[in-house]
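These protein sequences, in sequence, are chains A and B. The first sequence runs contiguously to residue 346 in the UniProt record's numbering. The second sequence runs contiguously to residue 503 in the UniProt record's numbering.
The hints are simulated quantities; they were obtained by calculation from the structure and are not laboratory data. All of these numbers come straight from a predicted model, not from anything done at the bench. All residues carry an ideal CB built from backbone N, CA and C; glycine is no exception. Accuracy of the hints is not assured; some may be wrong.
[Stated by the list, open to error] So the derived list for chain B, only partly shown, Cβ under 8 Å to chain A, looks like this:
| hint | residue |
| --- | --- |
| 1 | Asp60 |
| 2 | Pro76 |
| 3 | Gln80 |
| 4 | Leu93 |
| 5 | Pro95 |
| 6 | Leu97 |
| 7 | Gly106 |
| 8 | Gly114 |
| 9 | Arg115 |
| 10 | Leu236 |
[What the hints assert, rightly or not] Sample of chain B residues at the chain A side, in silico, Cβ under 8 Å:
| hint | residue |
| --- | --- |
| 11 | Val71 |
| 12 | His74 |
| 13 | Ala77 |
| 14 | Tyr88 |
| 15 | Gln89 |
| 16 | Glu101 |
[What the hints assert, rightly or not] Label-pair distances were calculated between CB atoms; the ranges are:
| hint | chain 1 | residue 1 | chain 2 | residue 2 | range |
| --- | --- | --- | --- | --- | --- |
| 17 | A | Ile277 | B | Gly33 | 46 to 54 Å |
| 18 | B | Asp234 | A | Ile277 | 54 to 62 Å |
| 19 | A | Asp53 | B | Gly114 | 40 to 48 Å |
As a plain string of letters, each chain reads:
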Amino acid sequence: MTTTANRPEVSLRTGGRGLVDRVGRVRELGIVAALAVLFGITGAVNPEFLSLDSLRDILLNSAIIATLAVGQTLVVITRNVDLSVSSVVGLSAFGGALILADQPGVPIAVVVAGCVLLGALCGALNGLLVGAAGVPALVATLGTLYAFRGIDYAWAGGRQVNAADMPESFLSLGSGSLLGIPLLVLAAVVVLLAVGWMLRNLRSGRELYAIGSNPAAAVLAGIPVRKRVITAFVASGALAGLAGAMWAARFGTVDAAAATGKELDVIAAVVVGGVAIFGGSGTVYGAALGALLLTGISSALAVLRVDALAQTAINGALIIAAIVLDRLLALRVAAALRRRRYRDAR
Amino acid sequence: MADTPPVLALRGVSKSFGAVRALREVSLELAAGEAHALAGENGAGKSTLVKILSGVHRPDAGQILLDGEPVEFHGPADAQAAGVAVIYQEPTLFPDLSVAENIFMGSQPRGTLGRIDRRAMRAQAVALFDRLGVPLDPDRPARGLSIADQQLVEIAKALSRAARVLIMDEPTAALSGNEVARLFGVARSLREQGCAILFISHRLDEIFDLCRRVTTLRDGGYVASDLISAITPDDLVRRMVGRDLDALFPKQDAAFGEVALQVRRLTREGVFTDVSFEVRRGEIVALAGLVGAGRSEVARAVFGVDRWDAGSVEVAGRRLKPGSPSAAMDLGLALVPEDRRQQGLVMELSIERNIALAGLGEVRRGPLISRVAERVRAADWAQRLQLKHRSLSDAVDVLSGGNQQKVVLAKWLARKPAVLIVDEPTRGIDVGTKAEVHRLLSELAVGGIAVLMISSELPEVLGMADRVLVMHEGRLVAEIPREDATEETVMAAATGRPAGGGA
């Protein structure tokens with residue numbers, strides 16, 4: 001009886017904070033709501049938008065950006081950024097396609113693994129620049145964004161690999177599906193769940209959050225900051241390599257310019273998904289939902305017959321709206337926590 | 001004693017940062033089952049010593065001995081592995097993570113596949129808080145915790161490590177009497193279990209209460225190591241200060257003029273509440289309180305860096321527009337901020353440029369800045385403040401801390417302010433320059449400037465102030481005239497204890 005005696009007070013304290021904490025913890029709820037609004041409105045205007053084929057298309061179109069957003073989240077959580085992902089996708093897509101076209105004997109699994117490895121190497125270079133040499137991530141990865149693309153152009157020498165040059169079995173990975181779900185979507189979901197689990201449940205995952213939340217304290221806590229940051233970049237690179245293989249399988253025709261400019265879509269997805277750009281909070285699920293939302297917006301604008309020229313501007317406006325909404329929510333939570341400080345003290 | 005070597009010891013350790021010699025040949029022995037105090041004024045090198053023991057800094061010379069064997073700590077992880085746990089003076093939490101995660105970062109209980117066992121982690125956190133007697137919710141994020149609660153999380157973190165050596169750097173600074181008593185209870189039981197404790201506190205009664213030995217540092221050098229039973233508090237103060245206290249604070253009496261700064265019921269929601277005070281010309285008013293009590297925040301709001309939600313500020317009878325530093329400067333306010341490297345100076349710019357920054361309008365010739373006017377202004381003030389420098393065109397980051405502070409002061413004094421707000425004016429400044437800054441503040445007051453001084457150093461507060469205002473958790477809780485201000489009265493108000501009770 002004595003042990004339970006002070007429980008009511010504890011539960012009273014938790015009860016008072018319930019709402020703030022729930023909104024604070026499940027930031028993804030906002031995006032789910034935005035998705036519901038988007039699909040609701042567009043579906044009401046054009047029910048075709050909600051058909052199975054249309055939904056499958058949207059998922060398929062999100063798969064690559066979502067995979068990249070998962071990798072990007074790992075980096076952003078540590079208060080860094082990886083701008084070079086699109087160039088890594090381009091390099092890996094072209095390299096993979098080239099091997100498949102010129103060396104038909106190499107097994108597909110080996111090619112995909114090679115793409116991932118190539119991406120991981122690119123990521124390792126980024127990681128060393130940022131983690132070991134101390135170059136700010138924005139500058140380092142802006143540099144490698146151009147450098148990797150340059151290597152890609154030099155390697156290609158103007159050559160383009162066409163779908164006809166690649167084995168059918170590889171292309172079927174891009175178009176095929178299992179139980180009605182496209183294989184690329186399945187791949188993205190597997191990546192998402194695996195990384196999501198690791199970030200939540202492994203010490204190293206939690207340490208990434210700690211590094212982004214308070215870098216100085218992370219050092220004092222004995223966290224191997226440098227090693228973790230390098231690992232985050234390697235993982236982002238490896239996922240970009242995988243995304244390159246997915247790109248080649250999905251589009252079939254690959255030249256050196258593949259995926260140019262996609263890094264901004266990826267970062268937009270991550271930010272819209274509620275991952276704090278200054279690190280420390282956010283989840284890969286949010287980032288993946290962000291990718292889904294952005295793809296959904298593009299598709300919806302097409303379905304709603306919005307002038308193609310205006311689409312980009314509207315897209316941008318909607319992204320800003322989503323971020324402002326999220327920011328307002330975060331401010332309210334922060335204000336609530338601030339007010340509570342003194343209530344607690346009494 | 002000879003058979004069992006000390007758990008952790010320093011032998012002849014020195015450490016310099018640039019030109020500043022933070023520690024000179026310091027030795028220290030921490031024995032199992034013994035609480036050892038480290039005493040010294042601010043800037044004596046205590047924090048540097050802690051950071052060497054915890055693996056953050058590596059000594060330039062000398063050895064660290066673990067169980068009598070020389071070791072090298074390559075980083076905090078090495079020190080932790082050796083059983084050293086540290087409660088830092090400034091909490092080092094991760095605001096985005098939960099309280100439980102903060103406690104167990106790096107040592108979370110794990111199940112299969114290395115999966116963190118959250119249930120066990122939560123249960124252990126609750127058990128730790130029960131031991132400390134505080135009902136903190138382990139699931140809430142660390143963001144928004146009061147300083148005292150943050151300190152409790154730090155303590156829980158150190159306890160969770162089952163440390164052989166526990167270092168506590170002013171752990172009681174932000175705690176109330178009850179929480180201090182609890183902490184001491186825990187520290188005593190750890191000591192009885194054979195843990196070595198290094199305890200740093202500015203409250204002498206705590207040192208005499210808890211510790212068996214005390215080592216004193218002064219200006220980075222080792223002074224003495226004594227058995228507590230063999231010395232008196234007065235002996236200890238003499239060892240720490242090493243000189244007559246009166247000489248350190250050359251306070252001159254000044255005649256008070258009219259009210260220069262009038263703050264009425266100033267409130268910034270969740271930061272400070274209902275703060276009212278006035279400062280007269282010629283008066284030095286100290287704003288005392290614990291770290292996080294809201295003192296700097298009040299100064300920032302008065303100067304217009306942050307907005308306020310309610311209340312008013314008047315400078316020489318004229319109402320101040322909120323949230324506008326330039327309006328505040330026009331009315332004659334000047335703010336020497338807490339962090340001179342980040343907020344007070346542009347470190348890469350030259351001395352003369354920094355001094356001109358707050359008065360660019362006055363060194364202007366038409367649309368252009370006159371380098372000649374800039375230099376004349378800087379040379380004038382450098383001489384008045386006895387700035388030690390090679391050339392006025394040197395970047396300020398080559399100057400010592402004390403001389404940097406003089407540059408910040410020169411920048412503002414060149415504007416001939418009516419009210420000077422100084423936030424921690426002598427933090428991290430060597431003793432000689434410290435006295436110069438104090439003499440300067442005193443002369444400014446005599447010259448008719450109203451000075452509002454925020455300081456965490458009690459001797460400075462007691463030595464310099466005509467009147468002491470004390471803040472506690474965002475409220476002004478006491479106003480103590482110079483003749484009644486003692487270490488006890490100020491600390492009692494600052495920790496929210498009834499006067500005369502705790503001490």
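Consistency of the hints with the structure:
no.	hint	result
1	Asp60	violated, 20 Å
2	Pro76	holds, 4 Å
3	Gln80	holds, 5 Å
4	Leu93	holds, 6 Å
5	Pro95	holds, 6 Å
6	Leu97	holds, 6 Å
7	Gly106	holds, 6 Å
8	Gly114	holds, 6 Å
9	Arg115	holds, 4 Å
10	Leu236	violated, 29 Å
11	Val71	violated, 15 Å
12	His74	violated, 11 Å
13	Ala77	holds, 3 Å
14	Tyr88	holds, 7 Å
15	Gln89	violated, 12 Å
16	Glu101	holds, 6 Å
17	Ile277/A / Gly33/B: 46 to 54 Å	holds, 50 Å
18	Asp234/B / Ile277/A: 54 to 62 Å	holds, 56 Å
19	Asp53/A / Gly114/B: 40 to 48 Å	holds, 42 Å
Hint compliance for this structure: hints 1, 10, 11, 12 and 15 are broken, all remaining hints hold.
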